[in-house]
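Visitor: All chains should be modelled from the sequences, with the hints used to inform the complete structure.
Protein chains in written order, with my numbering: chain S, 5 to 846; chain Y, 3 to 302.
FYI, nobody ran anything at the bench for these hints, they're computed from the structure. For every residue, glycine included, the Cβ atom is placed at its ideal position computed from N, Cα and C. Certain hints may be false.
Restraint-style ranges between C-beta atoms, simulated for each label pair [unchecked claim]:
(1) G443(S) x G78(Y): 48 to 56 Å
(2) L840(S) x D235(Y): 18 to 26 Å
(3) G232(Y) x G379(S): 40 to 48 Å
(4) V10(S) x D185(Y): 23 to 31 Å
Cross-link-like lysine-lysine pairs, in silico, BS3-like; alpha carbons within 25 Å at most [unchecked claim]:
(5) K519(S) x K645(S)
(6) K66(S) x K632(S)
(7) K7(S) x K178(Y)
(8) K17(S) x K7(S)
(9) K116(S) x K162(S)
(10) K178(Y) x K11(S)
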Amino acid sequence: MWKVTVKGILTHKLRLALTGLAIVLGVTFISGTLVLTDTLHNTFTSLFGNVYQHVDFQVRSKAAFTSNSAGGGAVRTPVPESVAGTVRAVPGVAYAEGSVSGYAQFVAPDGKAISTGGAPTLGVSFDPNPELSSLRVVAGHAPGSTHEIAMDEGTATKYHFHVGERVAVLLTGRPQTFTLSGIVRFGSAENLAGATLAVFDLPTAQSVLGKVGQYDAIDVLATPGADKAAVERAIARALPPGTEVVTGQTVAQEQSNSINQGLSFFSTALLVFAFISLFVGGFTIFNTFSITVGQRTRELALLRIVGASRRQVFRSVLLEAAVLGVVASIVGLGLGVLAAIGLEALLKGFGITLPAGPLVFLPRTVVVALVVGIGVTVVSAISPARRAVAIPPVAALSDQHEEQGESSRRRIAVGGVIAAVGVAALVVGLSEQAIALVGIGAVAIFLGIGMLAPVVARPMASVLGRPLALFGISGRLGRENSMRSPRRTAQTSAALMVGLALVSTIAVFGASLSKSATSSVDEAISADYIITASASGTGGFSQSVAPAAAVKGAAAVSTVYGGEFEFDDVVSNLTAVSTEHLADTVILRVEQGSGAPALAAGDLLIDTTTAATKHLSVGSSVAVTFAKTGSSTMKVGGIFKPNALIGSYLVSDAYFLSHFDDPLPVAVLVRSAPGATGVGAALDRGLRSYPNLQVQTRAQFEQSQQAQVNQLLGLVYALLALAVVIALIGIVNTLMLSVFERTHEIGLLRAVGMRRRQVRAMIRSEAVILALFGAIIGVVIGTGLGVAFADSLQQQGITDLVIPVASLVVFLVLSGLLGLGAASWPARRAARLDVLAAISAE
Amino acid sequence: MPVVLDIGLDIGAGVARRAHTCSTWCLGAATMSGSALQQPGAEGQHHMALDETVAPAPVALAAARAVGLEKTYGKGDSAVHALAGITVEFGRGEFTAVMGPSGSGKSTLMHCMAGLDTPSAGATFVGDQEVSRLDEAGLTRLRRDRIGFVFQSFNLVPTLTARENILLPVDLAGAKVDEDWFDFLVGQLGIGDRLSHRPTEMSGGQQQRVACARALIRRPDLVFADEPTGNLDSNAAGEMLGFLRHSARELGQSIVMVTHDPRGAAYAGRVVFLADGTIVGDMSDPTAESVLEQMKQLGT
Numbered sequence: 005m006w007k008v009t010v011k012g013i014l015t016h017k018l019r020l021a022l023t024g025l026a027i028v029l030g031v032t033f034i035s036g037t038l039v040l041t042d043t044l045h046n047t048f049t050s051l052f053g054n055v056y057q058h059v060d061f062q063v064r065s066k067a068a069f070t071s072n073s074a075g076g077g078a079v080r081t082p083v084p085e086s087v088a089g090t091v092r093a094v095p096g097v098a099y100a101e102g103s104v105s106g107y108a109q110f111v112a113p114d115g116k117a118i119s120t121g122g123a124p125t126l127g128v129s130f131d132p133n134p135e136l137s138s139l140r141v142v143a144g145h146a147p148g149s150t151h152e153i154a155m156d157e158g159t160a161t162k163y164h165f166h167v168g169e170r171v172a173v174l175l176t177g178r179p180q181t182f183t184l185s186g187i188v189r190f191g192s193a194e195n196l197a198g199a200t201l202a203v204f205d206l207p208t209a210q211s212v213l214g215k216v217g218q219y220d221a222i223d224v225l226a227t228p229g230a231d232k233a234a235v236e237r238a239i240a241r242a243l244p245p246g247t248e249v250v251t252g253q254t255v256a257q258e259q260s261n262s263i264n265q266g267l268s269f270f271s272t273a274l275l276v277f278a279f280i281s282l283f284v285g286g287f288t289i290f291n292t293f294s295i296t297v298g299q300r301t302r303e304l305a306l307l308r309i310v311g312a313s314r315r316q317v318f319r320s321v322l323l324e325a326a327v328l329g330v331v332a333s334i335v336g337l338g339l340g341v342l343a344a345i346g347l348e349a350l351l352k353g354f355g356i357t358l359p360a361g362p363l364v365f366l367p368r369t370v371v372v373a374l375v376v377g378i379g380v381t382v383v384s385a386i387s388p389a390r391r392a393v394a395i396p397p398v399a400a401l402s403d404q405h406e407e408q409g410e411s412s413r414r415r416i417a418v419g420g421v422i423a424a425v426g427v428a429a430l431v432v433g434l435s436e437q438a439i440a441l442v443g444i445g446a447v448a449i450f451l452g453i454g455m456l457a458p459v460v461a462r463p464m465a466s467v468l469g470r471p472l473a474l475f476g477i478s479g480r481l482g483r484e485n486s487m488r489s490p491r492r493t494a495q496t497s498a499a500l501m502v503g504l505a506l507v508s509t510i511a512v513f514g515a516s517l518s519k520s521a522t523s524s525v526d527e528a529i530s531a532d533y534i535i536t537a538s539a540s541g542t543g544g545f546s547q548s549v550a551p552a553a554a555v556k557g558a559a560a561v562s563t564v565y566g567g568e569f570e571f572d573d574v575v576s577n578l579t580a581v582s583t584e585h586l587a588d589t590v591i592l593r594v595e596q597g598s599g600a601p602a603l604a605a606g607d608l609l610i611d612t613t614t615a616a617t618k619h620l621s622v623g624s625s626v627a628v629t630f631a632k633t634g635s636s637t638m639k640v641g642g643i644f645k646p647n648a649l650i651g652s653y654l655v656s657d658a659y660f661l662s663h664f665d666d667p668l669p670v671a672v673l674v675r676s677a678p679g680a681t682g683v684g685a686a687l688d689r690g691l692r693s694y695p696n697l698q699v700q701t702r703a704q705f706e707q708s709q710q711a712q713v714n715q716l717l718g719l720v721y722a723l724l725a726l727a728v729v730i731a732l733i734g735i736v737n738t739l740m741l742s743v744f745e746r747t748h749e750i751g752l753l754r755a756v757g758m759r760r761r762q763v764r765a766m767i768r769s770e771a772v773i774l775a776l777f778g779a780i781i782g783v784v785i786g787t788g789l790g791v792a793f794a795d796s797l798q799q800q801g802i803t804d805l806v807i808p809v810a811s812l813v814v815f816l817v818l819s820g821l822l823g824l825g826a827a828s829w830p831a832r833r834a835a836r837l838d839v840l841a842a843i844s845a846e
Numbered sequence: 003m004p005v006v007l008d009i010g011l012d013i014g015a016g017v018a019r020r021a022h023t024c025s026t027w028c029l030g031a032a033t034m035s036g037s038a039l040q041q042p043g044a045e046g047q048h049h050m051a052l053d054e055t056v057a058p059a060p061v062a063l064a065a066a067r068a069v070g071l072e073k074t075y076g077k078g079d080s081a082v083h084a085l086a087g088i089t090v091e092f093g094r095g096e097f098t099a100v101m102g103p104s105g106s107g108k109s110t111l112m113h114c115m116a117g118l119d120t121p122s123a124g125a126t127f128v129g130d131q132e133v134s135r136l137d138e139a140g141l142t143r144l145r146r147d148r149i150g151f152v153f154q155s156f157n158l159v160p161t162l163t164a165r166e167n168i169l170l171p172v173d174l175a176g177a178k179v180d181e182d183w184f185d186f187l188v189g190q191l192g193i194g195d196r197l198s199h200r201p202t203e204m205s206g207g208q209q210q211r212v213a214c215a216r217a218l219i220r221r222p223d224l225v226f227a228d229e230p231t232g233n234l235d236s237n238a239a240g241e242m243l244g245f246l247r248h249s250a251r252e253l254g255q256s257i258v259m260v261t262h263d264p265r266g267a268a269y270a271g272r273v274v275f276l277a278d279g280t281i282v283g284d285m286s287d288p289t290a291e292s293v294l295e296q297m298k299q300l301g302t
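Guide: Structure representation (structure tokens):
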């Protein structure tokens with residue numbers, strides 16, 4: 005039996021190659037993601053390991069809480085300079101020096117601010133002790149005065165900076181210009197995970213980064229030969245309350261952990277799309293095996309007659325799937341390494357730069373790729389294998405054998421139940437915010453609908469094919485062919501259905517998100533101009549922007565701050581707005597209590613959603629923790645309607661500034677005076693020295709919000725495209741099998757006078773019907789899913805529900821065209837068939 | 003052990019008379035010579051047994067038999083009685099042809115006897131094994147180990163070479179190949195130079211000889227041949243039938259062949275006639291003429 009299977013595989017290489025392609029692509033995606041993230045993980049771990057190799061201890065303040073943001077570590081306050089003296093006095097300490105870091109952004113020679121597209125723009129102090137410094141000077145010398153600065157090699161290379169040049173830097177205070185004294189590397193890397201580094205000597209750093217008299221941390225070297233554990237204990241005893249001492253290894257571990265946490269989010273996101281591709285690939289495998297089992301009915305029945313047991317036939321089909329899975333997975337694994345490089349490039353295209361490092365290929369990658377690839381292939385082949393087993397031996401003797409699948413009534417019942425369970429899981433998952441349940445629900449819906457689809461395949465193919473039938477005999481035959489086997493039509497288009505459903509879900513969700521973003525701006529902001537950082541990832545901009553924005557014609561200027569605090573033991577985002585001009589710039593609809601007066605009194609304002617979920621009312625006292633000031637209680641002074649700009653928690657700017665160490669404005673809102681003209685131009689002029697900022701009217705701001713949503717959508721579409729490609733490969737494969745199966749029939753049509761062009765048109769018609777069938781069902785399901793997702797996130801700010809009909813129609817048209825494209829090869833093959841040979845083919 | 007009830011048909015007489023049956027495996031026997039492939043002449047007397055009543059032959063001698071076999075398709079008014087109570091015995095080492103017009107039930111009879119189809123009533127046996135009582139696994143073993151099949155459309159596995167096709171039942175059983183027997187069969191059938199060819203690279207006659215070798219490779223109790231010459235030209239058909247006759251006579255192979263060709267039936271040692279699901283005639287040592295004659299009578 006092995007021989008039969010293996011020979012069969014070798015004979016149908018092309019068919020299997022096409023089938024396997026679906027798995028190859030999915031496995032490529034998975035292994036590529038794993039290789040990429042492992043590589044990055046390794047890069048960062050070794051990077052931090054090297055950097056903190058010689059640091060024995062670090063003294064710092066105790067963490068107030070851990071940041072919520074991706075890759076964010078513990079939130080700490082600086083320690084007073086005096087602590088360094090305390091540490092130096094501890095016996096066994098050879099050296100101790102403080103360091104600071106903060107916001108500093110370079111300005112490129114062309115006057116534009118240098119942004120990183122995600123990574124921070126860091127200003128850091130330089131530690132002259134080569135054993136302790138994480139920075140290595142590779143050109144020039146270290147910054148040694150208040151006028152000097154060093155720059156990371158990555159930025160210097162990219163923007164062609166040379167030692168000795170003047171370079172402008174945006175800071176928390178006013179922008180300043182420095183002389184570039186040197187180029188540095190972070191450990192062995194050109195920069196730190198894509199962040200730009202502005203390096204100052206310690207006093208300058210303290211001054212420009214707003215940390216005069218403070219250190220973020222103190223690096224400590226023990227005396228050679230000292231008992232390090234004893235030294236650590238001695239330091240700990242000497243430290244004032246609220247500070248701690250940890251080893252260098254701990255710091256390295258923490259730093260790489262926090263970056264790897266961000267990485268794992270990134271790799272999970274990619275793996276989700278990889279599994280979507282494999283899921284779609286599974287449909288293709290299932291369909292191909294179903295068809296080939298159908299085509300091999302006689303052969304399989306013959307094997308049964310000459311003595312093959314059911315088990316042998318079952319194993320034969322599964323063995324074929326396993327061999328296919330093994331080969332496809334191995335190929336996918338190899339391509340995955342290439343894909344890792346490709347993914348990196350793709351992300352770079354979207355502005356996410358990652359450090360370079362040697363590729364890491366873990367055994368785990370091989371195991372996961374093989375298990376998942378082979379698993380999906382074999383599982384997809386189980387149902388066709390069971391169908392093969394059900395073929396009675398006597399089928400070898402009759403010329404025609406009706407496929408004896410499970411009855412359609414039973415399939416409808418099972419499919420209906422699975423789909424219903426899927427919907428239930430989805431609904432529960434959405435309302436409980438359980439992502440896994442949502443995923444399971446979606447998978448079940450797809451499987452259930454896939455089983456139900458054959459019921460509507462015939463009538464739908466008939467309707468879809470009607471316009472094609474008008475074009476003549478080719479269209480009519482194509483339509484007939486697609487109606488001939490509703491089950492096959494449905495199975496073939498199932499993969500495309502899943503792909504289109506996901507694309508449509510994203511379209512509906514994205515359109516709603518985009519619209520919500522727009523309308524929420526209108527409902528949140530009354531200012532005419534909004535000043536924000538032009539690139540994300542900068543964390544904020546200088547406090548001196550607001551005074552500069554008070555140009556002629558500006559009636560009200562208000563600064564918006566954002567930061568993290570702990571509310572009721574949960575890390576949350578806190579917003580602050582200048583109390584003075586609150587009413588002129590922000591639309592705050594207070595439901596209970598008061599707005600500006602409460603803020604001025606130092607009270608906390610919360611939105612109605614938070615009030616409802618936490619059972620708070622005006623006058624309630626709540627526990628809050630700030631990194632700088634520690635734990636305290638605040639009074640709820642007012643409750644406002646949800647506001648997209650503010651979020652859930654609002655305090656006055658004065659309160660914010662006194663409770664945060666390094667407060668950076670995230671936006672400045674400007675309301676122009678009635679009748680004032682040229683305010684926009686005046687703002688542009690006034691803020692010329694801040695190239696990192698953009699001045700936008702409210703309409704422009706809305707547009708840029710939409711553009712952000714659309715960029716994200718673009719990335720998701722690109723990742724989903726692979727699933728659609730796999731679905732199309734499935735259609736190519738099915739059409740090839742159909743052409744092969746109908747060789748005799750096509751020969752007959754040619755013999756009675758059908759031209760090659762007409763043969764091609766016939767195959768193409770069928771493909772278009774197949775594609776449209778899958779696309780329509782997919783778009784319908786996807787719209788439903790999208791509405792469900794958007795609806796469930798109403799509390800999170802998706803207030804508007806938009807069904808982008810135009811986009812969905814475009815998807816349908818595109819699907820039809822892609823179907824046409826998928827048909828081109830099979831159609832050509834059919835048209836090229838030798839008439840005589842085709843007729844005599846059996 | 004079930005007892006065959008005599009219901010008026012001679013089933014044992016022909017068997018009893020086959021004295022030379024099973025005498026030798028005749029490894030050194032003459033290969034198929036031109037003369038051996040000629041139509042049998044009047045060497046055997048034809049023997050009509052329609053009206054004779056003879057005691058049942060010893061059960062042990064039967065290669066296969068059917069008792070009160072009925073097969074009904076459909077229900078109620080639309081029911082079709084493909085087999086309307088057939089009792090028949092096929093002797094060991096006997097080459098029996100089953101003849102009848104289309105729809106007479108010959109294929110259904112064969113399918114039921116081979117366990118490919120389940121009877122509506124009655125029982126079928128291969129040797130002393132009641133086929134209709136076997137479960138799926140038992141039927142598989144029966145087909146694999148005790149029955150060989152030769153079909154009209156050859157039914158070779160297209161991806162396998164001739165040698166692999168012949169050895170397929172051995173492989174499926176996980177058994178060891180009896181190389182001597184394989185070489186003998188291949189030599190007898192004259193396909194030694196075709197063993198590495200795929201079915202598509204062989205003529206119809208060659209394919210059918212490969213199918214024949216596959217049917218015999220497990221030394222089955224019984225070979226069922228379903229219109230084995232239906233797709234062959236007359237030369238190839240003659241060779242094939244000659245080989246089947248030779249297998250029965252010289253190798254003691256029991257063969258049941260369904261055919262509608264009187265000339266083909268004449269190669270058999272016995273012809274059973276079917277019409278409308280019942281046995282209507284049973285002839286020993288047939289000739290083409292006597293078979294044709296019988297068919298004409300049945301046709302009227």
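Visitor: Does each hint hold? Answer for all of them.
Guide: Hint by hint, here is what the structure shows:
no. : hint                          : verdict
1   : G443(S) x G78(Y): 48 to 56 Å  : holds, 52 Å
2   : L840(S) x D235(Y): 18 to 26 Å : holds, 21 Å
3   : G232(Y) x G379(S): 40 to 48 Å : holds, 47 Å
4   : V10(S) x D185(Y): 23 to 31 Å  : holds, 25 Å
5   : K519(S) x K645(S)             : holds, 19 Å
6   : K66(S) x K632(S)              : holds, 11 Å
7   : K7(S) x K178(Y)               : holds, 15 Å
8   : K17(S) x K7(S)                : holds, 15 Å
9   : K116(S) x K162(S)             : holds, 14 Å
10  : K178(Y) x K11(S)              : holds, 20 Å
Violated hints are absent here; each numbered hint is respected by the structure.
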